[in-house]
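Student: If you read the sequences in order, they're chains Z and P.
Under the working numbering, think of the first position of the first sequence as 1, with each following residue one higher.
Under the working numbering, think of the first position of the second sequence as 1001, with each following residue one higher.
Hints may contain errors.
Ranges of calculated distance between the beta carbons of each label pair, as one might list FRET restraints [claimed, not checked]: (1) Leu253/Z to Ala1136/P: 42 to 48 Å; (2) Glu1073/P to Ala273/Z: 28 to 34 Å; (3) Gly1012/P to Ala273/Z: 55 to 61 Å; (4) Ala273/Z to Arg1155/P: 52 to 58 Å; (5) Asn1060/P to Gln199/Z: 49 to 55 Å; (6) Ile1211/P to Leu292/Z: 44 to 50 Å; (7) Gln199/Z to Arg1010/P: 23 to 29 Å; (8) Ala273/Z to Phe1062/P: 53 to 59 Å.
Just a few of them, taken from the derived set where beta-carbon distance is under 7 Å, the chain P residues facing chain Z [to be verified]: (9) Pro1053; (10) Arg1079; (11) Arg1185; (12) Asp1212.
Bear in mind the hints are in silico, worked out from the structure with no lab data behind them.
Every value quoted in this text rests on a predicted model; they were computed, and no experiment measured them.
Even for Gly, the Cβ is constructed at its ideal location relative to N, Cα and C.
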Amino acid sequence: MSGASIGKTGGRISPREAGAAPLDVVIGIMAFLAALALGASLLADRAADGWREGLAGRLTIQVLPPEHGAIAARLAAETEGALSVLKSTDGIVTVTPLSEQDTQALVAPWIGGGAVIADLPLPKLIDATISPGTKVDLATLAARLKAAAPDSILDDHTRWIGRLKVLADGIVWAAYFILALIAVATTATVAFATRAGLQAHHDIVALLHQMGAHAGFIARNFEWHYFISALAAATAGALCAAILFSAAGGLELAGIEPVPFLPPLALHFTELAWLAAIPAAAAAIAWATARLSVLAAVSRIY
Amino acid sequence: MVRFENVGMRYGAGPEVLRDVTFVLEAGSFTFLTGASGAGKTTLLKLMYLGEPPTRGLINLFGFDLATTRRSEFPSLRRRIGVVFQDFRLLDHLTAFENVALPLRLAGGHPEDYEKDVDELLGWVGLGDKLDARPATLSGGEQQRVAIARAVVARPDLLIADEPTGNVDAEIGQRLIRLFGELNRLGTTVLIATHDRALIERNRAREMRLIDGRLVELRAGRP
C-alpha cells in the first residue's frame, strides 16, 4: 500500500494500491469473457437475421413431369404457363427458370451425374423473388398456377424459414443465456473484489468514523477508487475481446476463414461499441458495492 | 461537559469491566485517570469518546444524553473530541503532515487555511523536519507525537489521551503535558490516562483511580 494521498493540496484519504491487484486481474478476465459472450450473441443475432432474410421473399415453383402422354411437350407447356402467371403477378420482381444443367447440378451430389441424370424425368424449377415489403396472396397465386400448370407446386419456404427461425432464435437465446451467466459471475466477482479490498481497509474506515467523519464522506473516499480500478481492469478485458474480434475480421478480409462453417466473426463498429457497456457496468457495480459496503460497515460500528 | 452515572460495561457475556462508575468532568478541567493494567481505563475512555455504548447507566456528553441522542448526531459530537490512542492509530499511507491535518480536513477545512498551523504544531512537538515522513519511518515516540498533534490540532472541546507519554523520554513527556496544559488554558477539558506517577505529581491535577472496575476519587484538583 503506498502512493499519493491528501498532500498539502488535499485529495484522497483512501490508500492507492500499488500495481494491479490480483482482484483487478480477475475483473479484467471476467470482463474479457463477458465481452466474448456479448460479441458472440451479437454475431448469432446478425447471422440469424441473414438466414431469415436470405429465404424470405423467395418463391420456388416446381413443375413436375406428367406421368403420361408427351412428357417433354406437356412439361414445357406447363412451365410456360407457370412463367406467364408469375410474370403477370403484381409484386413479383424477378422470375428465373433454372436451366436443365442447373437442375441436374442440384441433384448431382445425391444421385451422381452423367448419363444417369440425363434419363431421369427431373422437374422444372422456377425461382421468383417478391419485391421487399410487398404482400403477395400466395393462396390465389397457387390456384392460378394450378390452373395454368396442373402439375406445379408452389413452395414459399415457410417450413424452412420456420425451422431456421427456431434454430437461429435458439442460438441467440443460448448466447444470451451464457452472457447472463457470465454477467452474474462478473457481478459477483466485482462485488467480492470490492468487499475484500474494503475489508483490508477496515481500520481506516473505523478511524475516520471515530474522528467524526460522516458515513457518506467515508464512502466517497473509497467508492471512486473502486470505480476507477474496476473501470480500468474491465476496459482492458473488453479491449482484448474487441482486438480479438477485429483480428478475426482482418483474417476474413484477407480471405482466411478463422473458424470454418461459422458466420463471419468480425463485429461491425456499432456492435463493437456495445462492448463498451461491459466496463461501464463493471465500474457501476464496483462503485455501488463499495458505497453499500462502506455504509454497512460504518452502520455496524457504534 | 462529561457526566457518567452508574455506568457499567461488560464485553459479551464476560464479567463487568466497569461497575457503577459515576463522575463529572467540568468544562475546562484537567484530570488524570490512573489504575493498574486491566483496571478498565481504556474501556472508560472508549465510552467517553463514543467508541462503545455502555451496558448500563447514563452518559451525558456536551449536554447530550447518549441514550436518547440520535446516531446521526454522533459524528458532530465526535468531532468535538480529540483522542490520543494508546496504539496511535496513524494512517500508514499518509505523511505526518497529512495525519495531523486529518481532523481539520474532516471539519471541511482547506489545505491553504490549515497548512501553517499544522507545520507549526509539528514543529512544536519536535517533528518540524519530518512533515513528509510516513509513520513506518518514524520511531515509536515520534509516532506518538504525531498522534498527539492530530488529537489537539482542531482545538477540541474534550481531549482524551491514553498513556500519551508512554513512549517518550521525560523531557519530551513534560513538553507534551505543557501542550495539553496550554490547550486546557484555552478551554479544552483534558483527561489523561497514565501510569506515570512522576508526571502526576509534577502537575498536581485532579486524579481519579480505577480499582477493579470501580472509580475512586483520589485528589480533587489543582490547589
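Student: Evaluate each hint against the coordinates.
Tutor: Hint by hint, here is what the structure shows:
For the hinted restraint 42 to 48 Å between Leu253/Z and Ala1136/P, the CB-CB distance of approximately 56 Å leaves it violated. Here the CB-CB span from Glu1073/P to Ala273/Z is close to 49 Å, at odds with the stated 28 to 34 Å. Between Gly1012/P and Ala273/Z, the C-beta spacing of about 56 Å keeps the proposed range 55 to 61 Å intact. At about 56 Å, the beta-carbon gap between Ala273/Z and Arg1155/P stays in the expected band of 52 to 58 Å.
Against the hinted window of 49 to 55 Å, the Cβ-Cβ separation of Asn1060/P and Gln199/Z comes to about 35 Å, which falls outside the hint. In this structure the hint that Ile1211/P and Leu292/Z lie 44 to 50 Å apart at CB holds, the actual value being about 46 Å. At about 28 Å, the beta-carbon gap between Gln199/Z and Arg1010/P stays in the expected band of 23 to 29 Å. Here the CB-CB span from Ala273/Z to Phe1062/P is close to 57 Å, well matched to the stated 53 to 59 Å.
For the restraint placing Pro1053/P at the interface with chain Z, the shortest Cβ-Cβ distance is roughly 5 Å, inside the 7 Å limit, so the hint holds. Of the supplied interface hints, the one on Arg1079/P holds, with its beta-carbon coming within about 3 Å of a beta-carbon of chain Z, less than 7 Å. A distance limit of 7 Å between C-beta atoms decides the matter here; for Arg1185/P the minimum to chain Z is near 24 Å, and the interface restraint is violated. The beta carbon of Asp1212/P comes no nearer than 25 Å to any beta carbon in chain Z, farther than 7 Å, and the hint placing it at the interface is violated.
Consistency with the previously given hints fails for numbers 1, 2, 5, 11, 12, ordered from lowest to highest.
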